[in-house]
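The listed protein sequences correspond, in order, to chains W and F. The first sequence begins at 1 in the working numbering and counts up one residue at a time. The second sequence begins at 1 in the working numbering and counts up one residue at a time.
Please note that the accuracy of each hint is not assured.
Just the calculated beta-carbon pair ranges, DEER-fashion [as the list claims (entries may be wrong)]:
1) W:VAL86 to F:LYS340: 38 to 46 Å
2) W:PHE161 to F:PRO35: 29 to 37 Å
3) W:LEU317 to F:THR516: 48 to 56 Å
4) F:PHE692 to W:THR226: 40 to 48 Å
5) F:ARG381 to W:GLN49: 44 to 52 Å
Residues of chain F clear of chain W, computed beta-carbon distances all greater than 10 Å [claimed, not checked]:
6) ASN32
7) LEU88
8) GLY145
9) GLU146
10) SER233
11) THR279
12) ASN308
13) PHE438
14) ALA495
15) ASN499
16) SER517
17) GLN532
18) ASN649
19) ALA658
20) LEU689
Quick caveat, the hints were computed from the structure, so don't treat them as lab data. As the structure is a prediction and not an experimental result, all values here were calculated from the model. Cβ atoms here follow ideal geometry from the backbone N, Cα and C, with glycine treated the same way.
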Amino acid sequence: MISYIIRRFLYAIPILIGVNILTFVLFFIVNSPDDMARMQLGQKHVTQQAIDNWKQQHGYDAPLLWDEKGEGAEKITKTIFYQKSVGLFLFRFGTSDSGRNIGADIKERAWPSMAVALPTLILGLIVDICVALMVVLFRGSKLELGGMILCVILMSVSSLFYIIGGQFVIAKVLRWVPISGYDEGFAAVKFIILPVLIGVFAGIGSGVRWYRTLFLEEVEKDYVRTARAKGLTETQTLFRHVLPNAMIPILTGVVVVLPTLFMGSLIMESFFSIPGLGSYTIDAINSQDFAIVRAMVFLGSVLYVIGLLLTDISYTLVDPRVRLS
Amino acid sequence: MSSFLSYNLLFRTCVLIAIILLASCDGVQLNNPYPAEQNGQAILYQSFDERPKHLDPAVAYSENEYAFLAQIYEPPFQYHYLKRPYELVPLTAAKLPDISYFNKKNEKLSANADAKEIAFTDYIIDIKPNINYQPHPALAKAGNGEYRYHHLNQTEIDSLNTLADFAETGTRELTAEDYVYQIKRLAHPKTQSPIAEMMKGYIVGFGEFAEKVKSLPKTAIKDLPLSGVTAISPTQYRVRINGKYPQFMYWLAMSFFAPMPWEADVFYDQPGLSEKNITLDWYPFGTGAYLLSENNPNRRMILERNPNFHRETYPTEGEPEDQAKGLLNDAGKALPFIDKVIFTLEKETIPRWTKFLQGYFDASGIASDSFDQAVQFSEGRVELTPSMQEKHIQLQTSIEASLFYTGFNMLDATVGGNTEQARKLRQAIAIAIDNEEFISIFRNGRGEAPQGVIPPGIFGYLDGKAGLNPFVYDWIDDKPKRKNIAAALQLMKEAGYENGIDPKTRQPLILNIDTTSASIDDRPRLSWYRKQFAKLGINLVIRDTDFNRFQDKIRTGNAQIFTLGWNADYPDPENFFFLLYGGNSKVKFGGENGANYQNPEFDRLFEQMRNMDNNSQRLQLIQQMEGIIRRDLPWIVNFFPKKFTLSHNWYNNRKPHAMANNELKYQRLDTVSRTQQRQAWNAPIVWPLLLFGIIFAILLAFSVHAVRSRTRKNYND
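Let the hints inform the model, and build the full structure from the sequences given.
What follows is the structure in structure tokens.
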């Protein structure tokens with residue numbers, strides 16, 4: 001398995017280089033270094049001299065991808081792409097174009113994002129699976145039909161509606177929790193209750209329908225019939241046999257998102273003033289801060305690769321027939 | 001097992017409800033976002049929606065940055081908090097500067113010398129003694145007198161995360177040399193000050209100094225001389241500028257010219273600190289009423305009272321009505337009144353507005369979606385709605401020193417140029433664009449339709465008939481009334497575009513407006529623009545583009561019509577008219593004149609007016625210039641924005657100021673009243689929790705019963 005993991009990591013290198021090139025090209029098709037300088041220097045009294053000075057100070061005065069005037073390897077190494085990208089592979093994200101250390105920012109903002117995303121994922125998973133199993137238990141009945149109609153209604157409503165509605169009812173009308181904000185340690189609980197509940201509730205419709213489909217596929221298989229035949233109750237059959245056998249598709253969806261949880265949620269964090277990473281990339285795109293954009297895209301790619309690898313590894317844990325080689 | 005679980009859950013729910021019921025009986029506010037220990041403290045709660053990009057006074061140049069910096073840094077002068085029109089008064093300076101004029105031979109001239117003769121102007125500034133910096137590790141000294149943290153090793157740096165991790169702090173007295181040092185910082189190319197290029201034209205020796213130090217580290221400038229800026233004594237310094245530029249005084253009231261101790265750069269420039277985000281751009285270092293004790297702009301920023309703040313008192317004079325408004329109740333008392341200011345990041349308007357209504361923010365602006373909830377118009381007057389009045393919320397309105405305009409590219413073959421045909425076309429468009437309607441529809445009345453370029457409150461603005469734009473308005477019933485569209489159609493005919501038909505193509509005239517506003521939210525506004533031009537038979541094409549391309553078009557003169565805004569640096573007509581000065585043409589000289597307007601007569605008057613002190617002659621020149629702009633119309637000034645702010649009745653000494661940002665030190669809170677009103681407004685409603693609990697218990701019991709029945713049924717099957 002170790003050789004498999006190493007091989008997967010090696011496969012990731014060209015993927016990450018490709019992602020990096022793509023990000024670079026897409027960014028600089030839309031923004032030139034002069035545009036970036038103007039954005040950073042503001043709207044007033046910006047002269048070409050100030051722009052040239054900014055580019056020189058931030059290392060954007062070199063050619064983008066290829067230096068005609070350079071000799072040998074310098075044709076590549078004395079370019080913006082090389083200078084700005086090589087550190088990424090060592091996880092040195094460097095400094096943002098507005099002067100902040102990106103690594104330190106990510107570290108600081110990752111925890112609040114996790115504080116909301118992780119409970120939402122775990123609680124959502126438990127609720128969705130339990131409700132889905134319940135629906136499967138009542139398959140063919142009016143309860144299942146009613147449940148599915150309810151799920152379709154729930155998933156048809158925009159998550160923004162849940163957020164605004166939840167804030168209005170729980171925080172404004174009933175005044176049970178603060179409408180937004182964040183605090184350190186245990187004091188954060190009162191702030192994350194509402195976003196977590198809304199996150200779970202907003203995901204019930206789609207989650208239950210997805211898991212119900214998985215369970216229904218399993219529930220008709222021979223081993224389930226055997227379980228029933230040997231005298232197990234329906235609840236025991238569902239929890240002891242159907243659920244473990246449905247774990248592979250569940251893991252596919254869950255494990256892959258685990259490493260990216262700290263990347264946060266843009267809308268949720270924005271409405272609840274959670275100081276997470278949700279808006280970090282979008283804010284950087286709006287302010288044309290290439291240093292942050294490339295760092296976050298690179299990090300996102302790495303985490304996705306790790307997520308996929310973890311998913312593969314988790315298969316071996318839930319299904320003894322799977323061997324990684 | 002299942003029944004045990006359900007009973008257990010039911011029990012826990014009941015306990016939770018009981019706790020909440022008990023808590024509510026005790027007056028506890030469950031929705032209070034602040035820790036209980038902050039109750040009753042003189043803490044001002046504010047919000048912000050965009051993180052400040054820079055907090056280095058040499059770099060920061062945005063309103064949201066000044067909201068913090070102005071409380072921390074102290075330039076030599078400030079605006080009087082209460083007096084209008086805006087007036088400069090000393091801050092750290094002992095008095096207003098002694099200004100002397102010199103000719104090319106460096107001979108002193110009289111105070112009323114002709115501006116043409118003046119080659120240099122000297123500003124001699126005296127600093128008050130006994131002003132100390134905020135406690136800061138950069139000034140901490142060891143027992144041997146050496147700076148404690150100027151030579152940090154890697155182990156020490158590794159153990160640090162924020163500025164608060166430094167165990168010791170120190171202070172020292174402010175000196176004139178600190179002001180000189182800051183001006184040198186402005187010049188250093190590595191500082192990247194946005195005003196550096198402009199100051200090269202004003203401060204003597206600024207450009208040469210920048211050239212000399214460009215390859216040196218920031219810390220090397222301390223002992224290098226800048227010829228135009230010198231410390232004469234520890235409490236006196238001189239700034240020499242080229243020619244006469246009276247507006248330079250206003251620059252001396254901006255954070256760019258606040259003092260900076262040389263120790264700051266030595267401390268912050270140590271390798272490794274910037275990787276921890278411990279930089280001067282993040283942790284400001286001043287002498288002001290407040291210091292930034294926490295800087296996490298993704299969550300909150302906290303200003304605390306500077307324990308070393310020098311004595312400054314509340315103004316004893318103001319406008320005549322200030323006494324009646326209670327704005328002079330604290331006259332002569334020592335500043336500041338508020339101990340701490342907590343700024344919380346609130347990006348969305350809904351939670352921000354709700355927190356204000358709950359009393360958790362002391363003041364608020366009014367977003368469009370809550371405007372009708374807050375404000376109503378009654379017989380043309382703005383007033384608060386009954387629900388706001390019930391909460392004793394106060395409304396303040398003020399015209400900002402800003403303007404928004406529709407610009408014509410004067411280099412364009414159709415709308416530009418000084419021909420009679422083009423001028424009449426522009427005048428017709430000016431009549432057709434109904435600014436009053438725009439303000440009413442898109443700004444909820446928060447703006448004033450302009451008659452000229454100068455906003456109210458700035459020298460040169462004339463109210464009433466004297467300030468009327470006769471090309472667009474008539475004076476009827478003692479107020480300006482926009483000319484009838486028939487007058488615009490007549491102008492179109494005279495311009496050669498009868499009924500909007502372009503004689504060259506025999507089709508409706510097509511004009512293009514460039515804009516960066518292309519989202520769904522902007523469509524009604526753009527559609528409104530089309531309708532205004534359609535009144536004249538003109539087909540307006542909206543060319544939406546991204547910000548970069550828009551800037552390119554303006555820079556290269558490829559835009560035909562565009563919309564832009566301007567926020568004044570200082571309250572002087574020069575800071576508005578320079579946007580139309582030919583020498584600042586965007587295409588020719590890369591200046592701020594995006595319309596590329598060039599009129600020799602206007603330019604001559606501008607050159608004459610800009611160096612004058614405010615007097616009747618200057619006022620006359622300004623009116624002449626306004627007359628030229630009204631006739632030539634390189635811009636249609638759309639509106640002067642009006643700021644509406646709400647505050648609770650416990651928040652006192654608030655007076656809107658379009659130029660000053662250091663207003664927090666003057667303001668006061670009645671914390672007893674705030675605590676009482678917050679409690680009254682925020683008692684939790686608990687009965688629905690009980691109802692939810694019962695419903696949940698019933699559903700749970702039903703589910704358990706249903707599962708059991710189903711299991712039994714399947715088993716029996």
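Each hint tested on the structure:
1. W:VAL86 to F:LYS340: 38 to 46 Å: holds, 45 Å
2. W:PHE161 to F:PRO35: 29 to 37 Å: holds, 32 Å
3. W:LEU317 to F:THR516: 48 to 56 Å: Since the Cβ atoms of LEU317 (chain W) and THR516 (chain F) sit about 52 Å apart, the hinted range of 48 to 56 Å holds.
4. F:PHE692 to W:THR226: 40 to 48 Å: Given range 40 to 48 Å: holds, Cβ gap about 42 Å.
5. F:ARG381 to W:GLN49: 44 to 52 Å: holds, 51 Å
6. ASN32: Given that some Cβ of chain W is not farther than 10 Å from that of ASN32 (chain F), nearest at about 7 Å, it is violated.
7. LEU88: holds, 21 Å
8. GLY145: holds, 33 Å
9. GLU146: For GLU146 (chain F), whose nearest Cβ neighbour in chain W is about 28 Å away, the distance exceeds 10 Å, so it holds.
10. SER233: holds, 32 Å
11. THR279: violated, 7 Å
12. ASN308: holds, 27 Å
13. PHE438: holds, 22 Å
14. ALA495: holds, 33 Å
15. ASN499: holds, 39 Å
16. SER517: The claim holds: SER517 (chain F) sits with its nearest Cβ about 15 Å from chain W, beyond 10 Å.
17. GLN532: holds, 26 Å
18. ASN649: holds, 21 Å
19. ALA658: holds, 17 Å
20. LEU689: Answer for LEU689 (chain F): violated, closest chain W Cβ roughly 7 Å.
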